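Engineer: So you can see what is in the structure, the chains are spelled out below.
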Amino acid sequence: MFNPISVSEVRERYSQGESCYDVISEFLEKIKDSRLNTFISISENEALAMAEKIDKGKLSGRLKGIPVSIKDAISTRGIRTTCGSKILENYVPPFDAHVIERIKAEGGIIIGKTNMDEFCMGTTTETSYFGPSKNPWDESRVPGGSSGGSAASIAEGSSVLSLGSDTGGSVRCPAAFCGVVGIKPTYGLVSRYGLIPYANSLEQIGPIASNVKDAALLLEIIAGKDYRDSTSVEKTFEFKLMDVSKVRIGIIREMIEKVDEKVQKETWRAINKLEELGMNYEEVSLPMMDYTLAAYYILAMSEASSNLSRYDGVRYGYHIEKEMNWNTYFSKVRAEGFGDEVKRRILLGTYALSAGYYGKYYLKALRVRNLIIQAFNKLFERYDVLLAPTMPTLPFRIGEIQDPLSMYLMDINTVPVNLAGLPAVSVPAGLNNGLPVGLQIIGKPFDENMILNVALKVEEEVWKR
Amino acid sequence: MEEVIIGLEVHVQLNLLKSKLFCQCPTDYHNSEPNTHVCPICLGLPGAMPVINRKAVEAGIAVAMALNAEIQEKTLFYRKNYFYPDLPRGFQISQYDFPLAYGGYVTIETDSGEKKVTLKRIHMEEDPGRLTYPGTIDTARYSLIDYNRSGMPLLEIVTEPVISSPKEARSFLNKLRTILEYLGVFDGSLEGAMRVDANISLKGGARAEVKNISSYKGVEKALSFEITRQKNLLKRGIMVEMETRHFDEARGVTISLRTKEEEQDYRYFPEPDLPPMEPRSLIPDVKDTIPELPDAKRRRFMEEYGISDYFAKVLTSEIRMADYFEKVAKVIDPGLAATWIADILKGELNYRDMEFSEVFEAEKLIQVLKLLAVKKITEKGAVKVIRVMLDEGGDPLKIVRRLDLMVMDLSEVERLCDEVIEENSQAVSDYISGRKEALNYLVGQVMKKSRGKADPGETNRILIRKLKEREKDSS
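First to last, the protein sequences are chains L and Y. When the count follows my numbering, it moves up by one through the first sequence with no breaks and lands on 465 for the last residue. When the count follows my numbering, it moves up by one through the second sequence with no breaks and lands on 475 for the last residue.
Read the hints as simulated data drawn from the structure, not as lab findings. Check each hint, because a few of them may be wrong.
What the hints assert, rightly or not - Derived DEER-like restraints, expressed as beta-carbon distance ranges:
1) L:GLU323 / Y:TYR310: 33 to 43 Å
2) Y:ILE290 / L:GLU52: 54 to 64 Å
3) Y:LYS55 / L:LEU363: 32 to 42 Å
4) Y:ASP391 / L:ILE320: 49 to 59 Å
5) L:GLU323 / Y:ILE283: 18 to 28 Å
6) L:THR328 / Y:GLU70: 43 to 53 Å
7) Y:PHE98 / L:GLU323: 52 to 62 Å
8) Y:THR118 / L:PRO94: 44 to 54 Å
What the hints assert, rightly or not - 30 Å max Cα-Cα, derived BS3-like pairs, lysine-lysine:
9) L:LYS225 / Y:LYS55
10) L:LYS86 / L:LYS56
11) Y:LYS120 / L:LYS364
12) L:LYS332 / L:LYS364
13) Y:LYS380 / L:LYS360
14) L:LYS444 / L:LYS240
15) L:LYS225 / Y:LYS74
16) Y:LYS313 / Y:LYS287
17) L:LYS262 / L:LYS246
18) Y:LYS74 / L:LYS444
19) Y:LYS380 / Y:LYS313
20) L:LYS360 / Y:LYS74
21) L:LYS378 / L:LYS246
22) L:LYS444 / L:LYS213
23) Y:LYS398 / L:LYS332
24) L:LYS235 / Y:LYS380
25) L:LYS360 / L:LYS225
26) L:LYS378 / Y:LYS74
27) Y:LYS18 / L:LYS225
28) L:LYS364 / Y:LYS74
29) Y:LYS55 / L:LYS235
All of these numbers come straight from a predicted model, not from anything done at the bench. Don't be surprised by glycine CBs; every beta carbon is placed ideally from N, CA and C.
Only chain Y is shown next, with the shape it has when bound in the complex (with noise of 0.2 Å):
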């Protein structure tokens, strides 16, 4: 098989700051009509001047030392001149020569074991504002522009060619996206948190850029129809071209956009109106605001509640989770807090593709695992319960009443496991002679009469029992 070579440009939005990388418009515009969060600065009107947001170039430190990169002792920012409607200015203020930082790395599970990623330097920048087409893109007779976006404070993470499969991207990119939660500088969940721009080749073959994937699923999803592509270019002879690809998410496929020699010339300088910063200088201050990162966590919760590897791993892949399950297993025993968290909830998730951030509280959960705990709820019951909060919301225990998932009461099932033994006396006398799988019948004709409320394992030992007797007295 060819050899293949990632490396990938990510663009993280640091949306949970409370104000624009350049001046003081809010940053909580997901929500909010085109074109409200905006002033002078951010539309580039002329005279209005770039100042630079301290918050967010703490937040940039915060980062590079999260992911182990070596911050420069001087940084600058640089114009990048294109021209584009959304760009206000006619030129992206970005950083060039002297980023913030160069090097660090990010440990990832892969099918061989753990790797280092390794990242080749990271850097802030403004977003540009957002385009929108009626219909498509292609089709579209006019666009609209929202600066809302404009001025967003971005880090541009960008990793070396050694990530070798789309997998491999998309768990680097998970990891990322962990970790810049935790920092609580970043909220992936929301529109334009994270857009990658992918280099990818074959061994021997030039690179394609494909530029600009806006979602998660959808890297892993250009990564292997590039890389399709270039195999099958490869097949027939022909010389993969050094080019960068637009990915159309809807079709799944990659476009042709330009070739090298259409390669902007974006007339990089320094930006005039910025001076050099000196990061270094804020390490001190930054330091103490870092918080335990998924790593350290993920050993923690395994000596601190002795659950497994696999739970930690998964309970810490998400800050929201990781403090979820903490809250639980406050109350509820650590082990079965884990399960129900990291396997139950998580899948139940999964397959509504719901993401953490919509989970009902903590509180909820704990109220139903106690309901478990006691044996007044099956583990269906608690299942169905959990699912019903999923998808409709509600208290558990109104749930558990309105559909009646409570277990029943053990003398009303000794009562139904003696009516069933009166029945059923062809099962019964199968059984004493020695057909033991005449038990699940007479099980089943329990649950059936008690419409599913008795406890099947409970229903199973008091007929054991109550057979066990019919064949004392009848020998």
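Next up, chain L with everything else stripped away, as it sits in the complex (with noise of 0.2 Å):
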């Protein structure tokens, strides 16, 4: 069930009087009464402690006693971190990654860790190795992925932020799938350290919320230098309000044209109303489109061909207790641990960058990958933001597209923003047939607040109304 609850919401509890244990063993209950298997672990303990610490008033900070769930990409000190996948099953990594750390300092408590697509190779948390997450507008629906165990977890309420990891589309995809707000921020804004990585070009950790202004609240706290992630920049984000009026809004011809008519109708339905409110806007072509999904896919089965190699059982992870020599040992550790979308990425991602394939594949894709980020930048010397639709369709049913290839196609107009390493935001823009459309904003490098002004007026003018 859609029942989405704000950070507001839970410190007018507190300011009611109400104890952090009490709010936080609420919660708790909730990820546990869910039946849309939102969660892969509970951090129950960690999280009472936490919640006792505050209640002794020995913690504080901007998300202090906020219940916040984590994509299970992203490692937290002591408690398992599987990544989705059986060969992390048991794996408990002996480090808080950055984004962890901070929201930590900052009172923020982590109650779980929750579902997603097997090392985030997916588009719907099917491939997860402990099952699909369900989407709360329909449970036979699927709620999105990679990080749709955290999309769900909000649109159901059973934690009121959260972090996702945006590779190609995986925090907005669900975001939009699940009528809640999803950011990708700017590549290099928020630290990766910690992040168990898929493709380390292109993804970025994003909050998810139920409104634009918690969003940007996490997005905030999570932002900024870190010295262990080399590709972190020295920026900061702080959400100023700002009036939208006057932007400038192009609308992405090819990444409307193609979808789904009811995907579509919404769009137009949300953009027309923005129209109404006096803000202008033009239809633009993004050229490259048709080339952005496969630069993509070889990038990112590239690099995690390579990123997922350390998965030999060796030192951590799923083990044999047999004898054999060592690279038997690899291939069955391997063939058992991992399932078949990573399999299938990782024999792709080898082939692309093998001798006599390299320049054939990687290279051009990178070539691609460079007339992308030129064409948008093009666009943004005539544009403030670009809108599109963030799906190509409404949810669709849990095991309805069986097809790789129809399902890569999903993330047709998500996958060119993180070629580019651009912010973008998805926020919920209507409904149709019960089921929610996300609107994608696309913004210029480190333009998050224009995307989160602009989102915010989306939701205050169209998804509330």
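Fit chain to chain and form the complex, with the hints in mind.
Structural biologist: Structure follows, in structure tokens:
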């Protein structure tokens, strides 16, 4: 059931005198009662211990007492972190990701680790070793992915803030399918230290929340330079309200023409509403769209094939208690520990990097990536934000899409943003047949404030009415 | 004789840096328990990210500059993908296109004069962990992995195929070691400090690569073996195959590992977690830290101390020896100091297979040479003291006393000479009648009586004087 809870609602309960212990206990109960399979692990002891500390006045901060759920791809010290895979089923990291340190420092309470596609490879959570999560709007449907557990948890109100990660749409897609807000920050704004990598050059950790301001609050906390991630930059983020009536909007034609009619209809309805409010838009073309998906998958799979080499059962993770020579052992561990989609991407990535194919695939994909960046730069000379539907369809049924290629096509509107390292937010903008439609707002690098203000407008003027 | 063509890939561990290449783990693991110098980064735990150690880049630049190589404007790390139990990420972070530096050379001495061994490139990479096998590699039932070495900063220095004998290869490596030690980033005496892959071919034949030769002597042995092997093949009319071979140090032979068809595909691609660097911008900072290098020091020693080219060369072949010499030469005549360090002390070390790092302090040698200079001990006695100090340690004066090495007082020698002349009238008359060799017998008798403590030169002089007096008296 769709029943999200905002940060201010929780704060209100605290100001009424409720104890953090009671509030957190209630959320923990909600997780346990949920039928959506949103969590892989619940960190009950840690969460309640922290709640007690808060009740004793030992902790404070901007997230004081707020229950935060974390995608299981983000390392949490002492709390198992599976990345949705059998191969890490019992892996407990000895360190916290940078973003976890920041949340804890602000008094946020980590209540559990959310379900996800195995190693973030999927669009539905169906590739999770722990089974798929379900969409709170319709339990027969997928919540989107890969951060599906996070978005579903926010939508069902079993946590108030959540962190996902977005490599090719993995925050925005489930946010759109679950009717919540998800931000993919500019590449480098948030430290990836502690995020189990799928495709390092494409991904960012991003907040998911029930509303724009809550998502912005979490982004404020996790953004900023971290010396442990050399790709993070000397930037911070602060959300400031601004007048968006003069914002120059471009609607990306290629991203709207080819999508499902119901999604088109809701998208235009939202755009027209903005127009009624006096905002202007133009239809624009993003060339290279035909090549983005191919380029994205080549790069992502190439990096993944290398990133996932470390899971060999020697130091941690799934292992076999049997004597054999090491290469047989590695093969056996990986054959038994990885799911089909992960194996498919490792194989394809390995192929793309192989001698004789590297130039044909990997280098060509890099060239496409540069062209996309240039194409976006050009559009941003004339527009402040670019709009498009986040997903090409409404949330579909669990098991409905079996063919991998059809599944990859679901990422068509989200991957260009990752290729170009841009910030984007998915904000709910309409309902069709009782299912939410997300609107994607894309901005210039480090212009999160602009896209979030436009998203706020959509939330206030379109979604909430 | 067939022409031999050798190219070397030298892996140099920058083992005197404080921390590893991509994490803050300390590098002084050599005497530590296995797996105690590790962290999430060098263990490759998921989500832990490498961060480049700036000091390691600076050290790489210093080495490249000292080797006259051209530092590149842009440098990049790549992933070299392969599975091996000692490789915790399943890839090694190394360099490929855009290495730290191209070119450069090292000057070595050969039988036919000076030679410049030209370099192809210098790049940075991380060391994997270390596998140990109980017993030998082919009979062990299991292996143990120590990740202390994982992430140690390495430089790979690749020569052009310009080395023409195992001996030249050895002197190249010696010179390289000398330069690296001068820079203070490398201690060649530590285990695994320098590991070499060698490409060897005879003119007209295919080349074989011998992997992972881990001792200085091993290089010469492996190359000699490989050259003989290839020559024998050619003699029998068999083509040399292009292949990778392993050097079995214990047996002194090379064994085939894999042929060309089985070569690995490392699937290099740029490491996405490490942005490109611009090493040239660091040159001004590094420049001032480069000390006087061996060739310059050698010239200075000749000028400043007036010692021979040979001594200057030997003394500067190791930074420790050069520093040692300068300490001694401040107090002792430099010529004497040079002889005793470069010839005698170095000879004793070689005999014992000891490194210069194991030598007693310079102050002790100064004491010995002072005693020698004022003739309190003989040269033979001085050598004896040095030997004892190398073998057992100890204080030179105490050793001199304990072994009774103090030269006999001259008046005592005079007395012994008188005694010997009295007791050996036959030899004395032989001498006087012109058989000068009788003197040796008399000297020997004095030495015997003094139990070796009389100075042979002084004894000789005194005896001649006394015998001359006798001659006069009898005539």
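Engineer: Does each hint fit the structure? Answer for all of them.
Structural biologist: Verification of the supplied hints:
Range check, L:GLU323 to Y:TYR310: Cβ separation about 59 Å, and the 33 to 43 Å hint is violated. At roughly 59 Å, the beta-carbon separation of Y:ILE290 and L:GLU52 lies within the given 54 to 64 Å, and the hint holds. The hinted range of 32 to 42 Å is satisfied by Y:LYS55 and L:LEU363, whose Cβ atoms lie roughly 33 Å apart. A hinted range of 49 to 59 Å for the beta carbons of Y:ASP391 and L:ILE320 is consistent with their spacing of about 53 Å.
Against the hinted window of 18 to 28 Å, the Cβ-Cβ separation of L:GLU323 and Y:ILE283 comes to about 53 Å, which falls outside the hint. Between L:THR328 and Y:GLU70, the C-beta spacing of about 46 Å keeps the proposed range 43 to 53 Å intact. The beta-carbon spacing between Y:PHE98 and L:GLU323, approximately 43 Å, falls outside the hinted interval of 52 to 62 Å. A beta carbon spacing of about 47 Å between Y:THR118 and L:PRO94 agrees with the range 44 to 54 Å that was offered as a hint.
Taking the CA atoms of L:LYS225 and Y:LYS55, the gap is about 21 Å. The hint holds against a cut of 30 Å. Using a Cα cut-off of 30 Å, the hinted pair L:LYS86 and L:LYS56 is violated, with the two alpha carbons roughly 39 Å apart. For a cut-off of 30 Å, the pair hint linking Y:LYS120 to L:LYS364 stands: about 29 Å separates their Cα positions. As the CA atoms of L:LYS332 and L:LYS364 are separated by approximately 34 Å, the hinted pair breaks the 30 Å bound.
A hinted pair counts as satisfied when its Cα atoms are at most 30 Å apart, and Y:LYS380 with L:LYS360 does not qualify at roughly 75 Å. Restraint check for L:LYS444 and L:LYS240: satisfied, since their Cα atoms lie roughly 17 Å apart, inside the 30 Å limit. A hinted pair counts as satisfied when its Cα atoms are at most 30 Å apart, and L:LYS225 with Y:LYS74 qualifies at roughly 23 Å. Straight-line distance between C-alpha atoms of Y:LYS313 and Y:LYS287 comes to about 25 Å, which keeps the hinted pair within the 30 Å bound.
Between L:LYS262 and L:LYS246, the direct Cα distance comes to roughly 29 Å. Compliance with the 30 Å bound is thereby established for this hinted pair. For a cut-off of 30 Å, the pair hint linking Y:LYS74 to L:LYS444 stands: about 27 Å separates their Cα positions. This hinted pair checks out: Y:LYS380 and Y:LYS313 have alpha carbons roughly 26 Å apart, not beyond 30 Å. Simply put, L:LYS360 and Y:LYS74 have alpha-carbon atoms about 24 Å apart, close enough for the 30 Å limit, and the pair holds.
With a CA separation close to 20 Å, the supplied pair L:LYS378 and L:LYS246 stays within the 30 Å bound. Proximity of L:LYS444 to L:LYS213 is assessed by CA-CA distance (about 20 Å); at most 30 Å being required, the pair is judged to hold. Using a Cα cut-off of 30 Å, the hinted pair Y:LYS398 and L:LYS332 is violated, with the two alpha carbons roughly 67 Å apart. Pair hint L:LYS235 plus Y:LYS380 does not hold up; C-alpha atoms about 74 Å apart against a cutoff of 30 Å.
Restraint check: the Cα-Cα separation between L:LYS360 and L:LYS225 comes to about 36 Å, which exceeds 30 Å; the hinted pair is violated. Under the criterion of a C-alpha separation no larger than 30 Å, the hint pairing L:LYS378 with Y:LYS74 is consistent with the structure, at around 28 Å. Straight-line distance between C-alpha atoms of Y:LYS18 and L:LYS225 comes to about 25 Å, which keeps the hinted pair within the 30 Å bound. Proposed proximity of L:LYS364 and Y:LYS74 is supported: the alpha carbons are some 22 Å apart, at most 30 Å.
Pair hint Y:LYS55 plus L:LYS235 holds up; C-alpha atoms about 26 Å apart against a cutoff of 30 Å.
The structure fails to meet hints 1, 5, 7, 10, 12, 13, 23, 24, 25 from the earlier list, while all remaining hints are met.
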